[in-house]
Amino acid sequence: MSEVIKVENLSKAYQLGQFSTGTIAQDLNRWWALTRGKEDPFLMIGESNDRSIKGTSDIVWSLKDINFSINQGDTVGIIGKNGAGKSTLLKLLSQVSGPTTGSIKVKGRIASLLEVGTGFHPELTGRENIFLNGAILGMRKKEILRKFEEIVDFSGVERYIDTPVKRYSSGMYVRLAFAVAAHLESEILIVDEVLAVGDAEFQKKCLGKMNDISSSDGRTILFVSHNLAAIENLCKSSILLENGQIVKTGLTKSVIDQYLFNKKSLNAGIGLSHRTDRKGNGKVQFKKIEFTDAKGSLINQLRSGEDYNLILTLEMLENINLNDLIVAIGIDNNKATRITLLSNEITNQLAVNKIKDNLITVNISIKNLPLNSGFYQFTLFAKDSFAILDWIEDATSIMIEQGDFFKTGKLIPSEQGDILVNHSYIN
Amino acid sequence: MIENSNTKNQEPSDWDLVIEPKNSLFKLNLKQVWRYRDLLLLFVRRDFVSFYKQTILGPIWFLIQPLFTMGMYLFVFGELAGISTDGLPQPLFYLIGIAAWSYFSDCVTKTSTVFKENSSIFGKVYFPRLIMPLSIVVSNLVRFGIQLLLIAVAMLYFYLTGAHFNVTLYILLIPILVVLMALLGLGLGMIVSALTTKYRDLALLINFGIQLLMYGTTVIYPLSSLTGNMKTIISLNPMTTIIEGMRLGLVGKGSFQWTDLLYTLIVSVSIALVGTLIFNKVEKNFVDTI
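Chains A and B supply the protein sequences, listed in that same order.
The opening residue of the first sequence carries number 1 in the working numbering; numbering runs sequentially from there.
The opening residue of the second sequence carries number 1 in the working numbering; numbering runs sequentially from there.
Since the hints were made in silico from the structure, they are not lab data.
It is possible that some hints are incorrect.
Claimed, not checked - Restraint-style ranges between C-beta atoms, simulated for each label pair: (1) A:Asp-162 with B:Glu-79: 27 to 35 Å; (2) B:Asn-166 with A:Glu-123: 39 to 47 Å; (3) A:Asn-82 with B:Gly-71: 32 to 40 Å; (4) A:Arg-109 with B:Ile-233: 51 to 59 Å.
To be verified - When the alpha-carbon atoms are kept at most 30 Å apart in a straight line, the in silico DSSO-like pairs for lysine-lysine are as follows: (5) A:Lys-107 with B:Lys-31; (6) B:Lys-53 with A:Lys-105; (7) A:Lys-166 with A:Lys-105; (8) A:Lys-407 with A:Lys-295; (9) A:Lys-295 with A:Lys-209; (10) A:Lys-142 with B:Lys-198; (11) A:Lys-107 with B:Lys-284; (12) A:Lys-81 with A:Lys-209; (13) A:Lys-205 with A:Lys-236; (14) A:Lys-64 with B:Lys-198; (15) A:Lys-141 with B:Lys-53; (16) B:Lys-284 with A:Lys-105.
Every residue, glycine too, gets a C-beta built ideally from N, C-alpha and C.
With the sequences and hints as input, model every part of the structure.
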């Protein structure tokens, strides 16, 4: 198989703070301040932009020394945490932004789908927008004409094709937009998290279409998503990015395993002290999540059907009445849908187990963990009778491994849902 | 499969696209622009259609604007100030100036905000950025064409009512003058657009700068009414030659010399060239700075 993409020593640097602050006046101002040996007056903003650690230099390498090559017909997933450089890599590959060093070599036409419906004009009809959007994505007019019927068919908005798209429902809009993109005839397709939009049925249709594209047409696809199930489903091989560098490349399964392993070592508990995206008055703050097994020893992975203790550590910064304290945990699935809530408001119990040196420990026992294997996001919430004290959305994501919930050695397939119900057939 | 390509040394194969940090300043990729010509036309169509969608008068709006401007000029400059129009019917004199000037100023102001206005598209998908300013120039050309029709109607009317003017052979120069005007507007707009990605101030400056520049062009007065230094300075403005040339062709009055045309040609082409080069340099990384 021949190489169609070859990336060599690719790096991209962004300058923090003192970059493009806007006006000549500010530039002059800065220059004046610097020549007098004072601090840059505009450097404050964005300086500690780094996710967790404050950097010392004001240059951030969003990507550093990336090397890989992709063969024709491969579908390759790109995996990584937020800020790992996934989007930057896609931007460079799709020529939206230029690299700082290194090179990308491409054979064949490359089309990127960083967003669906780029350039849709609300006043124009569906028909006109198909042509406009297709042309923006790099199609020739006669190509679009040839595929027009197919596009309309796929989108399912035939009845409204001569109506301005501003009258469309958001679902119709997205369907039409994806339909155009799905019929691109480029040899290489780059797809960002676009499948996060639309309903489940449509998402399935999109994934199916992408599967068709790669398997039957022999085209190359690069796919970025947080939906690991989708990546695993679609991509044979994957690239794992971390802090702008490639950590692992190879078969998707092994890359995902590595990613999950990197992401959580539950062993030490998950620290929350660095989180700044909190709401609430802050009288109490979440510090740590830990899991122990029924015997009380720390564990490093969760499995369906086992018993666990979930231990939250909170710091009390101002006095509150602990008898009023409500601590709740919301659990979302990997499609960001809330599936359940744990709360002592429901169980009519006191939240607090013990308090020492202003550290509150909340201990929640979970029996026979009824969640299917997969990724779950945990949202933490604390309030007293007056106000919200602390609230961290998506405080952490936790992988639940396959376990023997039904005591039969079998588990329902993950696409059949997230919740496991203890049931039996009576005969 | 993905491989680490670090060590492998492939034979120099025929890559279709090589993305590197710095393109040579003079690599304009005009071939690519040509490949995207359908997109250019679709942008023009979009501008045109979305302009009058949901209006009652529709495309007639393209005529209302110059007619009202002309009415105002008739009142202020014709009646109150009594500025000479070279013996031509005042409406005709103003209409030609307005059509040419509004073409030029629309090109400059719209091109100058091209990065800002389209940052959402530019940030998401790549196509030769040059398409955008080119589409602006072409869609304004459509408007200009409609205004030329209006001028033709006005000429017919004044011809029938017996006013004094005559069409000259210089009318054949009009296509060239239009191209020069387009190059000038495009080039100037692109220079400003490239600079506004860093300095927003310029966008504000250009807006009223263009308004003021109109008075430095022979839109509301003929060049023949000026003498001495004044005349030389106003002649240095390439738009003066263009407007005077158009008047000479259409209604037979205008100060126009071939040396002026040569000068305008050189200025327009240089500005367009400089604009294209700067634009080309900025387009690559503007997403990070805007």
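Verification of the hints:
1. A:Asp-162 with B:Glu-79: 27 to 35 Å: violated, 49 Å
2. B:Asn-166 with A:Glu-123: 39 to 47 Å: holds, 44 Å
3. A:Asn-82 with B:Gly-71: 32 to 40 Å: violated, 59 Å
4. A:Arg-109 with B:Ile-233: 51 to 59 Å: Cβ of Arg-109 (chain A) to Cβ of Ile-233 (chain B): about 52 Å, so the range 51 to 59 Å holds.
5. A:Lys-107 with B:Lys-31: holds, 17 Å
6. B:Lys-53 with A:Lys-105: violated, 44 Å
7. A:Lys-166 with A:Lys-105: Roughly 39 Å between the alpha carbons, so the hint for Lys-166 (chain A) and Lys-105 (chain A) is violated.
8. A:Lys-407 with A:Lys-295: holds, 20 Å
9. A:Lys-295 with A:Lys-209: Distance ~48 Å between Lys-295 (chain A) and Lys-209 (chain A) Cα, so the pair is violated.
10. A:Lys-142 with B:Lys-198: Status violated; Cα separation ~39 Å.
11. A:Lys-107 with B:Lys-284: Since the Cα atoms of Lys-107 (chain A) and Lys-284 (chain B) sit roughly 20 Å apart, the hinted pair holds (cutoff 30 Å).
12. A:Lys-81 with A:Lys-209: This hinted pair holds, its Cα atoms lying about 26 Å apart.
13. A:Lys-205 with A:Lys-236: Distance of about 19 Å is within 30 Å: holds.
14. A:Lys-64 with B:Lys-198: Holds: Lys-64 (chain A) and Lys-198 (chain B) sit about 26 Å apart, inside 30 Å.
15. A:Lys-141 with B:Lys-53: Judged against 30 Å, a Cα distance of about 23 Å means the pair holds.
16. B:Lys-284 with A:Lys-105: holds, 17 Å
When held up to the earlier numbered hints, the structure conflicts with 1, 3, 6, 7, 9 and 10 and fits the remainder.
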